[in-house]
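Peer 1: Following the hints, position chains V, S, B, Z and H against chain C.
6 protein chains.
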Amino acid sequence: MSYNYPFLALVGQEKMKIALILAVINPALGGVLIRGEKGTAKSTAVRALAELLPGQKIIEGCKFGCDPLEREKWCDECREKYEATEPVEVTRRRPLVELPIGATEDRLLGSLNLERAMVKGESVFEPGLLAAANRGLLYVDEVNLLDDFLVDVILDAAAMGQNFVEREGMSVTHPALFTLVGTMNPEEGELRPQLLDRFGLCVEVKGLLNPDQRIEVINQRLQFEKDPKGFVEKWAAEEKRLGLRIEKASGRLDSVEVDDSALGRAVDICLKLGVDGHRGDLTVIKTALTLSAWEGKPIDEETIIAAAELALPHRMRRKPFQDVDFNVRERLLVASE
Amino acid sequence: MSYNYPFLALVGQEKMKIALILAVINPALGGVLIRGEKGTAKSTAVRALAELLPGQKIIEGCKFGCDPLEREKWCDECREKYEATEPVEVTRRRPLVELPIGATEDRLLGSLNLERAMVKGESVFEPGLLAAANRGLLYVDEVNLLDDFLVDVILDAAAMGQNFVEREGMSVTHPALFTLVGTMNPEEGELRPQLLDRFGLCVEVKGLLNPDQRIEVINQRLQFEKDPKGFVEKWAAEEKRLGLRIEKASGRLDSVEVDDSALGRAVDICLKLGVDGHRGDLTVIKTALTLSAWEGKPIDEETIIAAAELALPHRMRRKPFQDVDFNVRERLLVASE
Amino acid sequence: MSYNYPFLALVGQEKMKIALILAVINPALGGVLIRGEKGTAKSTAVRALAELLPGQKIIEGCKFGCDPLEREKWCDECREKYEATEPVEVTRRRPLVELPIGATEDRLLGSLNLERAMVKGESVFEPGLLAAANRGLLYVDEVNLLDDFLVDVILDAAAMGQNFVEREGMSVTHPALFTLVGTMNPEEGELRPQLLDRFGLCVEVKGLLNPDQRIEVINQRLQFEKDPKGFVEKWAAEEKRLGLRIEKASGRLDSVEVDDSALGRAVDICLKLGVDGHRGDLTVIKTALTLSAWEGKPIDEETIIAAAELALPHRMRRKPFQDVDFNVRERLLVASE
Amino acid sequence: MSYNYPFLALVGQEKMKIALILAVINPALGGVLIRGEKGTAKSTAVRALAELLPGQKIIEGCKFGCDPLEREKWCDECREKYEATEPVEVTRRRPLVELPIGATEDRLLGSLNLERAMVKGESVFEPGLLAAANRGLLYVDEVNLLDDFLVDVILDAAAMGQNFVEREGMSVTHPALFTLVGTMNPEEGELRPQLLDRFGLCVEVKGLLNPDQRIEVINQRLQFEKDPKGFVEKWAAEEKRLGLRIEKASGRLDSVEVDDSALGRAVDICLKLGVDGHRGDLTVIKTALTLSAWEGKPIDEETIIAAAELALPHRMRRKPFQDVDFNVRERLLVASE
Amino acid sequence: MSYNYPFLALVGQEKMKIALILAVINPALGGVLIRGEKGTAKSTAVRALAELLPGQKIIEGCKFGCDPLEREKWCDECREKYEATEPVEVTRRRPLVELPIGATEDRLLGSLNLERAMVKGESVFEPGLLAAANRGLLYVDEVNLLDDFLVDVILDAAAMGQNFVEREGMSVTHPALFTLVGTMNPEEGELRPQLLDRFGLCVEVKGLLNPDQRIEVINQRLQFEKDPKGFVEKWAAEEKRLGLRIEKASGRLDSVEVDDSALGRAVDICLKLGVDGHRGDLTVIKTALTLSAWEGKPIDEETIIAAAELALPHRMRRKPFQDVDFNVRERLLVASE
Amino acid sequence: MSYNYPFLALVGQEKMKIALILAVINPALGGVLIRGEKGTAKSTAVRALAELLPGQKIIEGCKFGCDPLEREKWCDECREKYEATEPVEVTRRRPLVELPIGATEDRLLGSLNLERAMVKGESVFEPGLLAAANRGLLYVDEVNLLDDFLVDVILDAAAMGQNFVEREGMSVTHPALFTLVGTMNPEEGELRPQLLDRFGLCVEVKGLLNPDQRIEVINQRLQFEKDPKGFVEKWAAEEKRLGLRIEKASGRLDSVEVDDSALGRAVDICLKLGVDGHRGDLTVIKTALTLSAWEGKPIDEETIIAAAELALPHRMRRKPFQDVDFNVRERLLVASE
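Residue numbers (our numbering), protein chains in the order written: chain C, 1 to 337; chain V, 1 to 337; chain S, 1 to 337; chain B, 1 to 337; chain Z, 1 to 337; chain H, 1 to 337.
Bound-form chain C, shown alone:
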């Protein structure tokens, strides 16, 4: 058995952590894009977060991971089973799917089950990774090196909450509501603007510069490598508490209030920063709502600005050859003068 490094044992990188937590609380935010130099624990953080989430309850045997409680969204198979009054049992599954390097379109979208097609002459759809990610996390490492076409497919599914496959004479639609997490090192190539814009949040990670923090990083890591089991157990209670807090925030999401002055502030910020289209406004507001649910306090000026810092860096207008700029707060000050 292998052990995952605990989320809370990660030193620093607070913005990345809060972005991941918010994206998990509210999948409608549209996921997170984590940008940063090599060796900054991006992958470790994603795997660690998935570990502390409760596995989703799914209908046992369901290839799409249908939620036992939302009967109106069930896939055809679950529905048929239920209508045939077959027993519908519930199980839990790990809420993380990683896109392996070199995964094909087939594996991602699903494909015709060739074996059954050849042997029995039936056209049976074999769900892919988008189905496996339903109601969980989909993690795409080095998303900037992925074929544009596949990124497009993933973002489309993430936006619609469903996967729509039209191939080899099949036409299948199934739920695919997941929190997308992408990581990339911008030194190795950028995403095209159209794709950037479709990630909900965007954070930057950098190596820590404080020597004490760096020593702390090594110390924790050495301890973990020496005795992974013990290390994980030491953090277990705190991790569990975090998981519960996330679940609670998620439940609180629908009751958070937002008034027109908050909306006005979000619009004002987007206009000042030269954000194209309306996705920026909307994401700032939805991020503020989620932050409010997480912190358990109403939306105020600071909530909006904190939300803007996560929702706008990749949407601000840039000059040619200028890199994505994460100083949202600073640019707002300049724009206000």
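Calculated directly from the structure, the hints in this document are not laboratory data.
Every residue gets a Cβ at the ideal spot worked out from N, C-alpha and C, and that includes glycine.
One should not assume that every hint holds.
Claimed, not checked - Each pair of labels, with its calculated beta carbon distance range:
# : chain 1 : residue 1 : chain 2 : residue 2 : range
1 : V       : Arg47     : S       : Leu209    : 40 to 48 Å
2 : C       : Val334    : S       : Leu209    : 51 to 59 Å
3 : V       : Arg47     : C       : Asp147    : 46 to 54 Å
4 : H       : Asp254    : B       : Ser336    : 54 to 62 Å
5 : V       : Thr173    : Z       : Glu105    : 42 to 50 Å
Unchecked claim - Simulated crosslink set (DSBU-like; lysine-lysine; CA at most 35 Å straight-line):
# : chain 1 : residue 1 : chain 2 : residue 2
6 : V       : Lys297    : V       : Lys57
7 : B       : Lys17     : S       : Lys272
8 : Z       : Lys73     : C       : Lys63
9 : B       : Lys272    : H       : Lys17
Peer 2: Only chains V, S, B, Z and H this time, still in chain C's reference frame:
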């Protein structure tokens, strides 16, 4: 069940809306190309419009969606059924087909049904998306990123009102009369002129700059996301009325009159703006006819100019590296001086 | 049933029309290349011309469209049938084959009939579009975007009057005598000189600049779109007369006389205009012969010059980056000074 | 039945004609490369020459075209037949193989007979065009547009007089002694020097500039097109005489004498013209030998120079971007000063 | 039988040797990248080192090379065998796997056993080279010429200690804990920074400049080539001793102590040298630990610097076009001034 | 039956001849790369040399050409036969394998015997050209035009004396000890340095400039072409003597002595000429040893320099765009001043 955002709940973007409505009233206009920056609800508008159209009446079981009333255009299968005095029943289907990203030529044009070919040795044609789009809308997102060859095929079918397939030893022709809607972000590459010219209308969408409108956009969207069902119901009556008005305009189309002075004005505008070929003239006139049917009033000077604004932007002569220019009215003024 | 726009209802574009007519009267001219900007009815003209030609008489069931009257050119199957004293019946087929965009080499040249090859172990040749075009028109739209290799194959077949296939162990030759019509928009790329030279005639089409003509174009088109059947019927008698005149000219072709002074004039023109090789001389003379047959009067100085205007534009020497120049008459004047 | 234009009816182009004749008399010369602008009857000349040659006598049914008289060079099948005292009958075949555009490596080299391999499990070699060309002419049009790899294979076979295939587990060698004729238009790309050097002779053809000759060209062509049969018959006797003269020269080849002063002159010329390697010297001498056999007179200074004019143009050292230079005689004069 | 050159008979190249030894003692270091000019015995060294290691004890017949002693990491098959109380026998295998040039993704990752899939309809995973390398050395020559995608896969497996395959409908995970050794000649292209960073250690080899050492190199090599068996035997005892010392150091690894001042020194060095991320710090410390275990003495200042020399060269910030710089010690001095 | 030109009848080109002879005497030298302009008898020389070597004695029916005398190196099949006390008979085979242009990786390395795999379900290895070349010559013409990957495979096999195949689930190793001869015309592209370095010797051939020698070349060639059998017989005795002398030198190889002063001289030369790595030193010494065996006299200063002239040209450091420089002797003089 999933809900679509209502067409009338879209804030602003009046030119895009009227272009879509006209293209639906009169499929002979040659469709619409919507150009604009990211996050401007292009896709939402297309899906919303399709939702308020009455599903087309088609012959049940017909793969090409034949119209029960136009017997002389029926496909061979419908004709044979009828002649064999089999019952020909009528059903309705959703009038929107979206071209999925990465759809293949096979899926678009139709292909040999391999299963039957292998098992029974019969060459049976399996119709594709062009057949499914017959008498409805075909929506191609990011049309500028599609392979030139496929765009060509789609535009050819749109122009001829039929799809002509010569492959794998098959030679099939079937009706494919649809309203083509393409969207594109010109930042990500242009269509070649030959293809641009073959879209009937062309509009540009930009993010709204008025803060109140932007707040309105967010408010509507948040309401929709919170309670899609309620939101859709709120707009239902008004949407239905719009659907009926479109149908009525469509029926009125044949009786609109156009006189030589209108033709002269259209030709005059095209010559002034340096429009190549004759497709420009003709589309201005046909757009004016459709506008007149929609507004229920005769064609006048303003109708022609409004039509030119939709029919000519992508056909005016450009300097190298100059982008498509949407200021038709302005250029006319300059040219008239 | 769908209707084609009548050839004679086309407004203006006289050079294109005469070139098409001559190419049809005398397939040995080597076809026509029509060059021009978008929206100038190039495709409409080709389809319209094909409509008014009498379908060719062919032996029923013959895949190569053998001519019942020219027994010495029959394909093997027809010959065998005849020798076995089976009945050889005659039918007519539409004399137009359009190369669909994306047609493969297989579909063009013909291919092994895989079905029969697999089921019965026989190598049966399945003729392609070149066979279907035998004794008719082969229309290639956007010929400059076609793969060089396929253009080469088509021009080879056109020149030899037969198609010679060496593939997959098959070696088949069959008659493929057709009038080739290619259209292209030179803005989108040029043909290489070797291929240009092998088209017999070459004309340029431009949008009309006369407003009255343009109004006329729209008026005709609107009438046609409103009532295609009535429109076609209105032109039917005149179209039929044109068809007969073409047939008559075709019959007269063999009896036209050409004397050495005409040859001398053609050679003189080619030398003056810097035409490479001998294909230019020969085509001028053959075009003059065909013109004489069409007009029913002997060849004179004007006939030669009119022929040169159709046969030489694409064969005159050009400077680097200079476009094909259609001012044959003008250049002759300059050269004569 | 179709007719070929007669070789002797070709007007002018004497160098091309003599080069073709010499290459046919002596296949060991290494073939001819004909370079020239479009429309100069290059293909017509090759086909015409093949027509007047007597078909080669071959063993009936032999896929490699074995010569009945040269038993020691027979292929395995012929040998086995003979040893089994089966009757070995003799037939004639047309001595021209044309490489069709787009011919594959398989078709050129030969390939595994898949049908027999699959049905009977036998690995049977299906000979390709190189086998068909054995003891005849192999004509490659537009050889400069052919894949380098295929040109290499053809030149290798031509040099060795045999084709050596190592593929798909087969290892086959068979005689492939042919006269290679390649044509090319240098405007469309050059052959790489290594390949140029391996063609024995090289001539340039240009359009005629003399008006009378050009009129003659048209006149002959028109006569041929009007009555191919009659035209061919008119030239038949003279063509036959030429065929016999070629055969006679071929027989005389072995008895021509060459002395050291001739060799010295050839070496001297090659050194003066800066010819790399020894293939130049050797080809000059062999061409002189063949010329002597053709003309029926001993080798003298003029024979050597005429041979050099055919054997050296493509072997003289060139400056970068300088084209192949055919003025061998002129450059010799300059070099001698 | 063939003989390998002994590790200890290699003249000079001490840094390469110690890096290889450390990487073998502690696979968690992340392998070694050896960079250097041609002809510097890089491959010989790797093969030589593998030779002196004791073959790993593995469970007989296990395709993944499971360790008999670590039952909790056994693959499913071993576990099932054990639980079925089948005998689990132990054998040894050679601890070196070389990636052959041109190895495919299939061969590397493992693939579906097609034979069994076709014959029996079972989906059986056929492990690849990553499985074969489990608990040994994986040697990749010319790693910079390998496809980026495959390098990524190898580094991923090396980092995770397991191989995760998602293809053709299979989803398999198996242990793949190996010491990765890559060699490259930087003259022939660089690895991208993201990949460089993931190699634990990095050394440079150069040809020796001392004539006596070079003579020694030749002498040894000549002796080996003349009598490989005798040569190997001569070095056998010393080689065995080295093997044991490596094993002992490996056992001692867990008990080496590291204090915060050492960590502080490592962090200090990384900050001074501008090393991105945290992988540098951590590798310096882990290398120091391994050095300490190898030398059997506690970590001091010199241990940290020696470790930095192996762990940091490829991680120091570079200017554009600047090559990897191996003068860690020197740059530290400069930075300290 | 076809005849090969005799080795000794080649005029001039002494360096190429001695390099070929040495490479054959001592396969451990690493083969020869012959560079030169077109038409310089490179191929003829290689084939001629192979002709005069005695065919290798091999075990009859062995696909790898095992040596009957070296039982410890036998392949598995030979070993099994022997152990089963089946008779092991001896035969001779021609010691030359030519890599045909376009040979695939399969054919070179060997591949799965598909027929047996499909019919009997056995995975049988079908050896390729590397197996066929075992203990003989492998001749690669135009090696610089070969795919880098295949050159790498060939050089790897040549260096290891064995071929190691990991493909399609097979893992096979077999002896592949051959003398590699590559030829190339550097005008058509260079080999990359890493590959150049791995050829043992390197010589340059140029056309002869002496007229008498050139006449001699033609004379010999004409004689050979006229009467190949007689020509070959004339040289037979002398060729046989050369073959025996090569065999004798080969036997003497192990007893040649080399002292440290010779080694010192070789190292000194390599340092002076800026040779990278140690392969240069070693090859100079091994070439000197082979020369000494060939000439039957001890190594002295001249032997070392002559060896350096063959072993170092392609290993000396070059400036960018500088070609391989063959003036080893001259550069040594300059370096000594």
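Peer 1: The structure should be examined with respect to each hint, and the outcome stated for every one.
Peer 2: Evaluation of the provided hints:
| no. | hint | verdict |
| --- | --- | --- |
| 1 | Arg47(V) <-> Leu209(S): 40 to 48 Å | holds (43 Å) |
| 2 | Val334(C) <-> Leu209(S): 51 to 59 Å | holds (55 Å) |
| 3 | Arg47(V) <-> Asp147(C): 46 to 54 Å | violated (26 Å) |
| 4 | Asp254(H) <-> Ser336(B): 54 to 62 Å | holds (59 Å) |
| 5 | Thr173(V) <-> Glu105(Z): 42 to 50 Å | holds (44 Å) |
| 6 | Lys297(V) <-> Lys57(V) | holds (29 Å) |
| 7 | Lys17(B) <-> Lys272(S) | holds (28 Å) |
| 8 | Lys73(Z) <-> Lys63(C) | holds (29 Å) |
| 9 | Lys272(B) <-> Lys17(H) | holds (28 Å) |
When the structure is compared with the earlier hints, a violation turns up for hint 3 alone.
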